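Line by line, the protein sequences are chains R and X.
Position in the first sequence (first residue = 1) + 23 = our numbering.
Reminder that position 271 of the second sequence reads as 256 in our numbering, one-by-one numbering, no gaps.
Hints were generated in silico from the structure; no laboratory data involved.
The structure presented is a predicted model; accordingly, all values stated were derived computationally and were not measured.
Any given hint might turn out to be false.
As the list claims (entries may be wrong) - In silico contact screen, one side only, chain X against chain R (beta carbon under 7 Å); selected entries:
1) 502
2) 504
3) 505
4) 509
5) 513
6) 517
7) 551
8) 553
9) 555
Claimed, not checked - One-sided excerpt, in silico: chain R residues whose CB lies under 8 Å from chain X:
10) 110
11) 115
12) 116
13) 117
14) 118
15) 138
16) 142
17) 160
18) 200
19) 201
As the list claims (entries may be wrong) - Label-pair ranges, simulated between beta-carbon atoms:
20) X:18 <-> R:88: 51 to 57 Å
21) X:429 <-> R:103: 55 to 61 Å
22) X:308 <-> R:376: 53 to 59 Å
23) R:185 <-> X:2: 43 to 49 Å
24) R:335 <-> X:104: 47 to 53 Å
25) X:252 <-> R:90: 34 to 40 Å
26) R:233 <-> X:92: 55 to 61 Å
27) X:265 <-> R:185: 53 to 59 Å
28) X:-4 <-> R:335: 46 to 52 Å
29) X:444 <-> R:66: 39 to 45 Å
We put the CB at the ideal spot given by N, CA and C, even for glycine.
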Amino acid sequence: MTASRAWARLALLGCASLGCASLLAGCGTQAAKVAATAPPPVTAPLSTSLVTAQGTWAIAVMGGPAASENNFWQLFVRPAAASKWSLVTPAGVADNGGLVATGAGSSLLVGFRPSQDLAFSPLAASADTGRNWSTGLLDADLANVPDAIAATPAGPELALLQDGSIERAPTASAAAAGLWSRLTTLSALAASAAGSRCGLAGVHAVSFGQNEAPVAAGSCVRRGVAGVFTEVGGTWRSAGLALPAAFGRDQVQVLGLAGTAAGSTVLMAAGHSLLAAWPDGARWSVSDPVAAGTVRASGFGTGGSAWLLLGGGRAETVAGPGRSWQALPAVPAGTATLAPGPGGSYEALAVAGSKLTVWRLGQGAWAAVQVIKVPIQYGSSS
Amino acid sequence: MPGMNSGLSPDDPTVVAAFRSALLHQGAIALIVLVFLMMIWATARTWRTAPAARPEADEAGARAGESRGRWLLRTGFGTIWILDGILQAQPKMATGLPTLVIQPTAASSLSWVQHLVNWGGTVWSYHPIQAGTASVWIQVGIGAWLITAARGRWSRLAGLSSVGWGLIVWIFGESFGGIFAPGLSWLTGAPGAVLLYVVAGALIALPEGSWRSPRLGRLLLAGLGLFFIGMAVLQAWPGRGFWQGTTHGQPGTLTAMVQSMASTHQPHFLSALLTQFGSFAAGNGFAVNLTVVIVLAALGAAFLTGRPRLVRYAMWFGVVFCLAVWVLVQDLGFLGGVGTDPNSMIPTILLFAAGYLALTPAPQQVPQTEEVQAETGTPAAAAAPGWSQRLRPRALGSALATASARSVAAFAAVAVIVLGAAPMASATVNRTADPILALAISGDSETLDIPAVAFQLTDQNGKAVTQASLRGKVVLLTFLDPVCTTDCPIIAQELKQAGTLLGAQDKDVMLVAVVANPTYRSTVFTQAFDRQEGLAAVPNWLYLTGSTSQLAALWRQYGVTVENLPAGAMSAHNDLVLVIDRSGEIRQELNADPGPATASTKSSFAVLLTQYARQALGGS
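Sequences and hints are given; from them, build the entire structure.
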């Protein structure tokens, strides 16, 4: 072999090695992820409070991290005319998946969201401020939203499932026996005339409106349209909630629904704003907007009032139709949820591990009024 | 990689004891096989004394005729395989290999690699004892075979066995040597130490004539040269973190590797050496990497020239450099954690040294006409007899009597490989897990002989069921909470799988659960549980419930503590399965806590329950 041939072969082999190495270097390289440009959708966590004839109820998560199944959801009640809160979480089911609740006349209905290997949703109902509970069953996966169940004093109950379907039980006893039937599915609702006009993308809350008509609300693809629907005679129709023209370019997502005698109060996100809306006969009254932020909790009080707990310690309340949003003083650290307090004030329920501190707003400042040590059973779900 | 992890600790005493016991048991069998072969051989030699002088002559001939390069590869890699086999016998290997070795290697690889490796890891985690012992014996057997079979077909077959097993280890044990993962570097063993075993095996399997010409040496060195240059380019590739000793206060790629090695359990002087080198690499990252790149490129270029003088210098320099990397970066390969081999540097040295020896054949190494027959014991001058003639008893006896000690040892080595491969093959096709996993979790079950408690409860369909009505069937009885989120659905699945495994015997076994929740206890919930677990259509499944007092009485009599815990916790109860025979006698009580509840442990519990049910069926 001549020297020139040897060098030529060397060069050729060198090039081949370079190619192989490039290939190997490329093999292990992860493709860069393209950053999403769309803002994340606003979500409504399960932390909330509600007011029934029995008293005021609050739901908050306590304990440790969800990753180790040490997050346990708790139900507290401050009975009507009482000033102290009590722990009344219904026993018998691990509630790491979350709790949802609704008032049903004189009783409270609670649904356990499935977690780990449990695929259905046990229910619990109490007519004595949580001292005793009766059981019920929804043999399906309750949606992960605070208004996933709704009930009426007469008995019909609604349940929103994780896949956007809505189940209906004709009576409370039917619900207890697990006798639910399919009212609609997300695809059927989206295919209805009202649903297609909004371009329904998801259902996020259920309620009962006037005459115990089922109400469902969600998010619309079409901008400026609020997806609130009511079922009458087997047909889903738009509830007629029209937003001011200023929100015509915003996507609208309903965060919560509360049934009242006059219809359903609605909390929603429209673009970078949060709004409340109330039925007013055939029309709707829409609140002024409040600047959106991370929604940490939301809920409704009596008389069409509503509240929002936002990121950065912000809290906003609105007293009812025609009223403006009022900012509360910065909430105490660890506040998990707000609850309408005695005398029109508000209470903040702050969580630190297994300790719940109740703060009450008075004279423009929060004051701690109660501490509850919750006997969290760490490790019991893992 | 869901199936790979059995969830058990690598130090689990039950599994470790079973692994040791299996190794001892199989080791005794291997020894018996060896002694048996030796006895037959000695007997045959006594009967046929005339040709007995041949083996020594053959062995001498074999040593004289084999190329030095081939000899180095054969004995070197044979020794390494034996070392690997011994390392596989570490107590942690049975349950630790998938989680401590395979999973971390595969975790950063491409998804299809993870999928493939997960299959292998799952097979291992289902059969940790069989897989663990098989790996030991296969590797020891291959090593012994390579060392003892010096020439001929047997020797080439040993090379092929090294290729076959090496590829299995490279794919499943090393995730293709990490070539589909980021951070690939020659310093840490890329492209996988076992791939070098495969190359060596392939070279050993070549016709022996190939080794008589310097051409094989040139080709081998050219291949290695190409490999070194490729690795140099890879090492120099920008953006892979090798040029920086530290980045934003964090250790660079090489520094992090060395520091990670230094932190593993090992003799102090070695960890101190690594720590010092790690500090040096952190402060002089660029210089260290530049040195590596230059040395790799220079070695590659020298090997590519194929000039003996230059190759000789490069070889000796390469030996020193590889040894330095072996100590300072690879930490001898097997120290700390659960090392399974000495990593890539020693195999690399063996390969390029063999290449050099093949390039420069010794003067006395001349072609020999009789060498091929050395292993078969057939006289070289005689015409090769056909298979039918060779298999005649007389011919076999003659062959055995004239076989060399090496041939007998090689045959014994193959027997050792078969000893390992047979249970591994059986494990690969067996979709159910070894019950040892369940025994490790639950501990020994209690053997009992007491009558089952009488009861009257209601099944999931509202039908009354009594203990007496179950007479004539073997009953696997457990206590389950229908709204439980963790253990109960798993135990139910284990029972269901046990029913499936029982096959036709299933009709004689009832799978019975009693509600273990004082609140959510109605048939509404037992039916929902059955639908959730796919038990509604299982004909021999009963989920019994009753009033709170009925249930409480049964719980108490069976020693089951059921309690509603506060603050959102599930109802607490102990997990157990009772095996009740056809006459209503409790035969076994098993702690049914599913432990880590991985796919392998669930399958293992099902197998254990099946075994207990079969024992009760057979014994009643």
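Tell me if residue 504 of chain X is really an interface residue toward chain R, meaning its C-beta lies closer than 7 Å to one of theirs.
This interface hint holds because 3 Å falls under the 7 Å limit.
Please test the hint of 34 to 40 Å on the beta carbon pair from residue 252 of chain X and residue 90 of chain R.
holds (38 Å)
Please verify that hint: residue 200 of chain R, Cβ, nearest Cβ of chain X, below 8 Å or not.
For residue 200 of chain R, the interface hint holds, since the closest Cβ of chain X sits about 6 Å away, which is under 8 Å.
Interface hint compliance - residue 160 of chain R to chain X, C-beta minimum distance less than 8 Å:
holds (5 Å)
Against chain X, is residue 118 of chain R within 8 Å by beta-carbon distance?
holds (4 Å)
Note whether the CB distance of residue -4 of chain X and residue 335 of chain R lies within 46 to 52 Å or breaks it.
The hint (46 to 52 Å, Cβ to Cβ) holds, given that residue -4 of chain X and residue 335 of chain R are roughly 48 Å apart.
Taking the least C-beta to C-beta distance, is residue 138 of chain R closer than 8 Å to chain X?
holds (5 Å)
Restraint: residue 553 of chain X near chain R, CB-CB cut 7 Å. Satisfied or not?
This interface hint holds because 4 Å falls under the 7 Å limit.
Confirm or reject the claim that residue 429 of chain X and residue 103 of chain R have a C-beta distance inside 55 to 61 Å.
Check passed, 58 Å falls within 55 to 61 Å.
Given residue 509 of chain X was flagged as interface, is its beta-carbon under 7 Å from a beta-carbon of chain R?
holds (5 Å)
Verify the interface restraint on residue 513 of chain X: the C-beta must sit less than 7 Å from at least one C-beta of chain R.
holds (5 Å)
Quick one: are residue 233 of chain R and residue 92 of chain X within 55 to 61 Å, going by C-beta?
Because 57 Å falls inside the window, the suggested range holds.
In summary, this structure violates none of the numbered hints.
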